[in-house]
Amino acid sequence: MEQASTPARDRFEALFERYHADVAAYVRRRAPNSIAEDVVGETFLVAWRSLERVHGDPLPWLYGVARRVLANDLRRERRRGVLTARLAWERGQPEPAVSADVSEPMRAALLALGEHEREALLLIAWEGLKPAQAAVAAGCSSATFRTRLHRARRHLQRTLGSKSSIDECLGVAKEAGGA
Amino acid sequence: MSDWLDLVRAANPVPRPQPFGADVRERMKASILAHDPGSAGVNGGESARTPFARMVRKVPRLRLFVVVGGLLLVAGGTAAALGVLGGQPSAPPIGKFTGTTGSGGAAATGYSVSVTPNLDAGSIGWCLSDRVYFEQGSAGGLGCAHAPLPGRPIVALGGGYSGSRRGDVTATTTSLVYLTTSEVAAVRVSPTLTILTRADAQLPRGYRIAIDIHQTITHGHSPRPDFARGRAAVALNAAGQPFGLPATTYPFVPPHDPSVFWQPGRTNGVGPQPKVHKPPPGACEVDTGNLVGVNLFFGWVVEHVHGFPDLAGKSYLSCANTQFGYGGEGVIAAILLDAQHPGTAPEPLPDAKPVPGHPQTFNEPAIATPAGTRRPRAGNPAITARRVGDAWLVVQASGTLAQRLTVLDRLGACIRLTGPACPAPAT
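These protein sequence lines map, in sequence, to chains A and B. Take 1 as the starting number for the first sequence in the working numbering and just add one per residue. Take 1001 as the starting number for the second sequence in the working numbering and just add one per residue.
It should be emphasised that the hints constitute simulated quantities derived from the structure, not laboratory data. These figures come from a predicted structure and were not determined experimentally. Beta carbons: idealized from backbone N, C-alpha and C, even for Gly. Take these hints with a grain of salt, some might be off.
[Claimed, not checked] Derived CB-CB ranges, DEER-like:
#, chain 1, residue 1, chain 2, residue 2, range
1, A, A112, B, P1015, 15 to 25 Å
2, A, R9, B, R1016, 23 to 33 Å
3, A, S142, B, K1278, 30 to 40 Å
4, B, D1023, A, R9, 42 to 52 Å
5, B, G1357, A, A112, 46 to 56 Å
6, A, Q157, B, P1348, 55 to 65 Å
7, A, A108, B, H1306, 23 to 33 Å
8, B, S1182, A, S141, 50 to 60 Å
9, B, D1023, A, L111, 28 to 38 Å
10, A, R154, B, R1016, 23 to 33 Å
[As the list claims (entries may be wrong)] Away from chain B, derived, C-beta distances all over 12 Å, residues of chain A:
#, residue
11, T6
12, R28
13, G56
14, D57
15, A132
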């Protein structure tokens, strides 16, 4: 039975159609493709149940919800997979991290960052948010966000400081760009 | 390109967002809009996954070789005698597909369905998994936190599809699985499909199961199976009368007691805080102090246990969950309480047998696999448990029974449902 259209439903459907691809990309940049659909579904379920709280630019808010959904999802997955992926777990982290599709040198450099620093950096570099938007997604104040971003930049520069590291990343970047 | 931010941008693994297909979008929206807008908080982490999303989450599609075959049937279906009720008998929890000769080894040969306690700290209920076996591997899925709630005689639904493809030939296995309370005689999935439930020794006491599973071989395009009908399934009593809410109303946020995550070497907050080296105070604690060489991974602890007296069936509440490496194996240790009345003796573990020479200790073997199929590397490993007061101290791990017993014998458990939290203060 088709349900009647309501302003709330219409608004939700518009929200979903406009932003689901961005949220899916956010998830895929940090986690396996296989869980993207589930995480996006849960994120928009939260949005549907909290529609009255969604004001202004909804995308940073949606990223923030997706970040928390993803964190819990990865924890759950790891709880279940520990017995078959023990060694991977020992090296892994229980928070959203970096997709395995990222080049190894850059992935290592990003994983070497603290969780908050890495997320701050990726919200700017991958999601293309402005710092004020990214602070909403990260769930912190603008001042705190800028501090995190500054630390991320400093740590990443230190990690990638050597010419060989940069060359390695550049090599992969060129390959990716030419694909 | 030497700028550090450009380097990060260039490493973006998904440079351009890709929308989901129209069918996926419509399915997701329908699944979400089927629920009340409500006033849930914005803590996405507290939102349970959609059961529908879990149900249709496809298992890995195996790329095998040329498939030649025909329609395959589930073997061994035996129905409970249910008098006036009509319907097809449930398939057994473990079975083989017949008629796979000539499929070139691509068709699935068997399957298994299992129900195991949910060990996630703070969660109650059961995990439902199904797995399909091929000659060269297996594929499956797992969903947890299925709790027996009042008015919901269908406790859990699961299922999915998997298959192999070569050229224009596709072998597809589809399954629908319903875990029900004991009052359910059948599950009506659609006007043309009613599955009679069955009891089974592998199930927890007081539960029944209804399984529909089959495999088809097609040439050319293989349409995506329609699982939407599975969500509308209703429970039927012995007189054939529907009762309770349909399967689709399973709650998005199952009842649970909040748990606290901890991990050695990490802080539990933002800013300069001391790093965690042991579980935080809580109602329960798994003590690994006597395991020499243990490598603690992380864990969860329930701070305050409340219990769920209104449950419609027996179940466990996991009070603590600690995961670690020991002797080359990954281990999950948990403390299970009676979910309805914590502090009273919990139910025996389903399908668990006493371990000779180890008082109060029981072993629940790993999921049996159909005869002639290779045991998968993934899936639920075996569970060995010891009664500790009115709780189970549970060890879930691969390896041998002797290895699990070694771990279990050296583990300690602290359970304090009232009074000071675990761990006990040093004296």
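- Report the numbers of all earlier hints that the structure fails to satisfy, in ascending order. Checked against the structure, the hints that fail are numbers 4, 7, 11, 12, while the rest are satisfied.
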